[in-house]
Amino acid sequence: MKKILFALVLLLSLASQSEAAFRLYIVPVIGSGVGIHDARRPKYFATDANGLGTVGIITAGSTWSGVDYGLDNWMVVGANLSTSDDNLVVGEVDAFALPFDLAPTLNAQQVTNVQNKLESINIPAGWVTTSETWIHVVRITLGIFSLNQRINGTCHVDLFSGGINLNSTINTLPAALNTCLQNSVTSLGLTFNGIIGSTTIRNALKIIADQMQTTQYNFNGTLI
Amino acid sequence: MERSFKVLLILLIFSTSAYAQTQCGSTETFTYSNGALSTASAGVWTKPSGFADMQVNTNAITAAGADAYNVITTWVGSTSNQYAQVVVTTPSTDGGGPVVKGDAVNNAYVGHTGGSPAIEEVYLVSGGGFTIKGNGGGTVIANDVFYIEVQSNVIIAKRNGTLSFSFSDSTIATGKPGVYGFDNAHRLDTWQGGDFSGCGGASIILRMGLMGVGP
Chain A
1 MKKILFALVL LLSLASQSEA AFRLYIVPVI GSGVGIHDAR RPKYFATDAN GLGTVGIITA
61 GSTWSGVDYG LDNWMVVGAN LSTSDDNLVV GEVDAFALPF DLAPTLNAQQ VTNVQNKLES
121 INIPAGWVTT SETWIHVVRI TLGIFSLNQR INGTCHVDLF SGGINLNSTI NTLPAALNTC
181 LQNSVTSLGL TFNGIIGSTT IRNALKIIAD QMQTTQYNFN GTLI
Chain B
1 MERSFKVLLI LLIFSTSAYA QTQCGSTETF TYSNGALSTA SAGVWTKPSG FADMQVNTNA
61 ITAAGADAYN VITTWVGSTS NQYAQVVVTT PSTDGGGPVV KGDAVNNAYV GHTGGSPAIE
121 EVYLVSGGGF TIKGNGGGTV IANDVFYIEV QSNVIIAKRN GTLSFSFSDS TIATGKPGVY
181 GFDNAHRLDT WQGGDFSGCG GASIILRMGL MGVGP
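One line per chain: the protein sequences are A and B, in this order.
1 is the number of the first residue of the first sequence in this note's numbering; add one for each residue after it.
1 is the number of the first residue of the second sequence in this note's numbering; add one for each residue after it.
Hints were generated in silico from the structure; no laboratory data involved.
Built from N, CA and C at the ideal position, the CB exists for glycine as well.
Take these hints with a grain of salt, some might be off.
Claimed, not checked - Pairs of lysine to any residue, SDA-like flavour, derived with a Cα cap of 20 Å: (1) B:47 <-> B:60; (2) A:206 <-> A:220; (3) A:206 <-> A:166; (4) B:47 <-> A:178; (5) B:47 <-> A:34; (6) A:117 <-> A:173.
As the list claims (entries may be wrong) - Stretch-level coverage of chain B by chain A, calculated; a stretch enters the list once three of its residues show a Cβ under 8 Å from a Cβ in chain A: (7) 41–55; (8) 163–175.
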């Protein structure tokens, strides 16, 4: 009996060493997107430009899935990597790994880190405070990702094309992009209420994403 | 006159044996003459602009070394909640798979088998540009069934009825099911598409137990 218990403890110990838990990573998107052999793909998860998207710095064939920021070159990837693969991705300076547990609120240092990361990738982040939970921050972020995805699907453009940035106002958008933005919002079943010409993109994105704050996102069956 | 009627009847049987559509779903066994799928099927399948046609080859389909996809021309099912599956009779390191939410302006979620050994992958195609969205599910072997479904903004890929991977994506609002391929080493057969309107789109062929991995 003792031997069986010892074996079980040993087995559990080995499993915990080799298997990290599921987590989310924000990584750059590489690739031109021209043809499947140079598809846009998450750096470190699918690095090689040979159409064989499984080849990255992680173990070939590892299962992952991602939510891209439309045609902006960032992707949130969800995966349950081995500890060694997780360490490889976490060690990359342009990769941002979220905590395994998204339930707690952020501390002051984490707020600073998250704000810096999000603002650097065209995600407004002034609203992130120590009263926010990680899961709420992630859902708002993924809501903004979803909007830029629909803009891509509707008009095949990036919201941040042609010099548009977070501080641009709605009335400075080219007419076609403005129409596309509004059509995309409607297409997602959302409203443009509260957004006027002088509203900044920064505030507009947050207003729109707030309407999706209870939406869940699926990463290989894990709902965020 | 009687002979003409018999010929007509035979032609009718042949034309319906390749493709059959009901309100609930469609099946396709690609029993057409060899050649470009949109032409060989007499318009049952449409090729979006900017892409190559899938190629019929001895009652199966393959591609010719370029991104190729086709969608069902006349789709009566849901354009936002649907599935497609295809039997990968011969897998390759750069092969094809089912398509969901495909449309005429080069949007689609396309299945691809990639790598050596090959595993399932799904790519978003938007305006002709490709983005890989996920992969996994173990090695694809001959006669595996590659299945993709979309329900609203969630895409699920399965192999032989078992979950390979899933992801959320809001890029494409609506479209039609179809089929994608790249190289000419892979072969696909027995395609099925349907929606989730209640009868599941199960075909007579699949109900007979040949593959039997409908949703």
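Legend entry - Index of numbered hints that the structure contradicts, given in increasing order: Violated hints: 2, 4, 6 and 7; rest satisfied.
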